[in-house]
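*Asks:* Sequences and hints are given; from them, build the entire structure.
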Amino acid sequence: MELLRVEALKKYFPVKRGLAGPSQWLRAVDGIDFSVDEDRIFALVGESGCGKSTVARLVLNLATPTSGKIFFGGKDISELKSTSLKAFRRSLQIIFQDPFASLNPRMTVFDTISEPLKIHGIVEKKNMKDACAELLKKVGLGAEVLNRYPHEFSGGQRQRICIARALAVGPKLIVADEPLSALDVSIQAQILNLLQELKRETKISFLFISHDLKIVHYFSDAVGVMYLGKIVERAKTEDLFREPMHPYTVVLLESAPRIFHSPTHPQARSPKVIGDVPSPIHIPPGCPFHPRCPRRFEPCDKFVPLLEEPVSKGYSGRLVSCHLWNPWE
Amino acid sequence: MSLLEASALNISFRTAAKPINVVNNLSFAIEESEVFGLVGESGCGKSLTALSIMGILPPNAYAVGSIKFRDKDLLKLDSESMRQLRGKELAMIFQEPMTSLNPVLTIGYQIAEVMTTHFGLSKKEAFNKTVELLRDVRMPSPEIRIKEYPHQMSGGMRQRVMIAMAVACNPSLLIADEPTTALDVTIQSQILELLQKLREERKMSILLITHDLGIIAENAQRVAIMYAGRIAELSDAKELFQNPRHPYTMGLLNSLPKERGVPLKPIPGSVPQPGRLPDGCKFSDRCEFVIPECRTEEPELRLLPENISGSSHFARCIRSEVISWNYSG
Numbered sequence: 004m005e006l007l008r009v010e011a012l013k014k015y016f017p018v019k020r021g022l023a024g025p026s027q028w029l030r031a032v033d034g035i036d037f038s039v040d041e042d043r044i045f046a047l048v049g050e051s052g053c054g055k056s057t058v059a060r061l062v063l064n065l066a067t068p069t070s071g072k073i074f075f076g077g078k079d080i081s082e083l084k085s086t087s088l089k090a091f092r093r094s095l096q097i098i099f100q101d102p103f104a105s106l107n108p109r110m111t112v113f114d115t116i117s118e119p120l121k122i123h124g125i126v127e128k129k130n131m132k133d134a135c136a137e138l139l140k141k142v143g144l145g146a147e148v149l150n151r152y153p154h155e156f157s158g159g160q161r162q163r164i165c166i167a168r169a170l171a172v173g174p175k176l177i178v179a180d181e182p183l184s185a186l187d188v189s190i191q192a193q194i195l196n197l198l199q200e201l202k203r204e205t206k207i208s209f210l211f212i213s214h215d216l217k218i219v220h221y222f223s224d225a226v227g228v229m230y231l232g233k234i235v236e237r238a239k240t241e242d243l244f245r246e247p248m249h250p251y252t253v254v255l256l257e258s259a260p261r262i263f264h265s266p267t268h269p270q271a272r273s274p275k276v277i278g279d280v281p282s283p284i285h286i287p288p289g290c291p292f293h294p295r296c297p298r299r300f301e302p303c304d305k306f307v308p309l310l311e312e313p314v315s316k317g318y319s320g321r322l323v324s325c326h327l328w329n330p331w332e
Numbered sequence: 062m063s064l065l066e067a068s069a070l071n072i073s074f075r076t077a078a079k080p081i082n083v084v085n086n087l088s089f090a091i092e093e094s095e096v097f098g099l100v101g102e103s104g105c106g107k108s109l110t111a112l113s114i115m116g117i118l119p120p121n122a123y124a125v126g127s128i129k130f131r132d133k134d135l136l137k138l139d140s141e142s143m144r145q146l147r148g149k150e151l152a153m154i155f156q157e158p159m160t161s162l163n164p165v166l167t168i169g170y171q172i173a174e175v176m177t178t179h180f181g182l183s184k185k186e187a188f189n190k191t192v193e194l195l196r197d198v199r200m201p202s203p204e205i206r207i208k209e210y211p212h213q214m215s216g217g218m219r220q221r222v223m224i225a226m227a228v229a230c231n232p233s234l235l236i237a238d239e240p241t242t243a244l245d246v247t248i249q250s251q252i253l254e255l256l257q258k259l260r261e262e263r264k265m266s267i268l269l270i271t272h273d274l275g276i277i278a279e280n281a282q283r284v285a286i287m288y289a290g291r292i293a294e295l296s297d298a299k300e301l302f303q304n305p306r307h308p309y310t311m312g313l314l315n316s317l318p319k320e321r322g323v324p325l326k327p328i329p330g331s332v333p334q335p336g337r338l339p340d341g342c343k344f345s346d347r348c349e350f351v352i353p354e355c356r357t358e359e360p361e362l363r364l365l366p367e368n369i370s371g372s373s374h375f376a377r378c379i380r381s382e383v384i385s386w387n388y389s390g
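Protein chains in written order, with the working numbering: chain L, 4 to 332; chain U, 62 to 390.
There's no promise every hint is true.
Below, in silico cross-link-like pairs of lysine-lysine (BS3-like), each with a Cα-Cα straight-line distance of 25 Å or less [claimed, not checked]:
| id | chain 1 | residue 1 | chain 2 | residue 2 |
| --- | --- | --- | --- | --- |
| 1 | L | LYS217 | U | LYS326 |
| 2 | L | LYS202 | U | LYS258 |
| 3 | L | LYS141 | U | LYS326 |
| 4 | L | LYS206 | U | LYS258 |
| 5 | L | LYS275 | U | LYS258 |
| 6 | U | LYS319 | L | LYS202 |
It is worth saying that the hints were derived from the structure and are not from the lab.
*Replies:* The following block contains the structure:
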């Protein structure tokens, strides 16, 4: 069952304002489609500035799209009002990257976790302590931490508190925006195991946003690779990592340093990308990746490739937006 | 003779009560034109080690022991002789290039300053040399970029500027403290490749500090793994990844995601705070191989009798020979 569907989603930010309105736009999200099914993990991967966090904010209804639609449980979220909006907020929660910035330093763990329970009237006041202790147990913390403040915890423990807060209202979907990036390797593994356990128990879906391909490969069911506001490749996780199709996906996979090199991935790397990601204010014409692409050819700077199934090359069930894979005439 | 040799290096912070020791009895040597990796999680003392080599420890910290650089002991030099070495013989690049550059001066001025200071070049000569340097670090259109300010550049380009500044005087040792942590993977691989190229051309040694084992595996010849201010294991990089002999190193490798669906084996608990370290082996309270002897006396960093590659392999563990490790991935 489909839980979240995003259709032709765009978010442009005005840059220079003139007398006659904005003269330039930053195209943060430039027409993307994807869906997240129940009990599934969909990952958005990309480098900084590709628009993946803007997608998170749009999905959470914290920003209004320039155009396009977002459906959650079949309902268009832009049309939600008062009570239905509150119900929507209850079924969708977020975990942020930085557990140091996303907890209020002046609130105890109890205050932090009980707040959503109060707002949504989920638990009676007299049962609040028990409910919070129960939530903390789920994330591997003891009830004795309830009266402590965020500064008394390590990064990993703080991220556990953030997860408990997100779980409090019993969400259907959790948007996790780089939830592991601020943590040390040994703690990352702890949190990743915790998320996986919770997922098994509660069947919560995830929109998992990350730049770390190793983690995405390990954790997600399906992946969308973003570049300059567009999804350039979308596939099941196994398919994408077994045979990446878009040259950008290939480059991303090959740029990540590896400890062990299998014979299929020799240490001598194939061509690297040149230069930096262009500014999303001046997106290159044609394929946005063409100036850096090691495999560009004549149509690439002229025609914008569409995100399509490369049926003519004998593939189905996955999408790629590249002239190498789809007919361009 | 080694280029740099740290022996029995201790770094402590002065506090109102008794000093807190954060780097304990550290000994290692960096050979001519090698990349020596220093790995550890946040708070393990790896950055302080670097700062003590450069002689720029924070004012409330002090180092004892010795750091021999060629024939000088860096810890015994007065500030004037240290100033002459810094920039000329020893150079350092940091994680966040934006905060290490002066925002109100052009990058050309900032790079040229190094050369006018150490070599007394005239303005014109320094300018020409700067353009050349920018070309060496693969800066696109250096003649134009030289007049720009840091904010006009991307993170990758700013790091190139930092590198240009660092290598301006042909240092014998470049300390790179998490040089690519703030950068995207595609830019990261460009910067690491650049550092390797410069190392070969200029025959300089690099002390590469990172938390990313993949970066070490692809770039370093030898590596020291740090835990709680101590070296836990020191070896040839190839040997270390094939045959880790310290439980902490094994734990780090086990924390990395491998096969999908296979639960990760994280290191339990979190890094103890300096000043609250356990008795005996500092890793004993998180170690899966712990035996009672581990908790009574702190093990020495000792040379292991057997190893795969025939290079010297050190580990600070009394059970190195009996514990086994198997990497599946």
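*Asks:* Please go over all the hints and tell whether each is borne out by the structure.
*Replies:* Quick rundown of the hints versus the structure:
no.	hint	in the structure
1	L:LYS217 / U:LYS326	holds, 15 Å
2	L:LYS202 / U:LYS258	violated, 45 Å
3	L:LYS141 / U:LYS326	holds, 19 Å
4	L:LYS206 / U:LYS258	violated, 49 Å
5	L:LYS275 / U:LYS258	holds, 15 Å
6	U:LYS319 / L:LYS202	holds, 19 Å
Of the numbered hints stated above, those contradicted by the structure are hints 2, 4, listed in ascending order.
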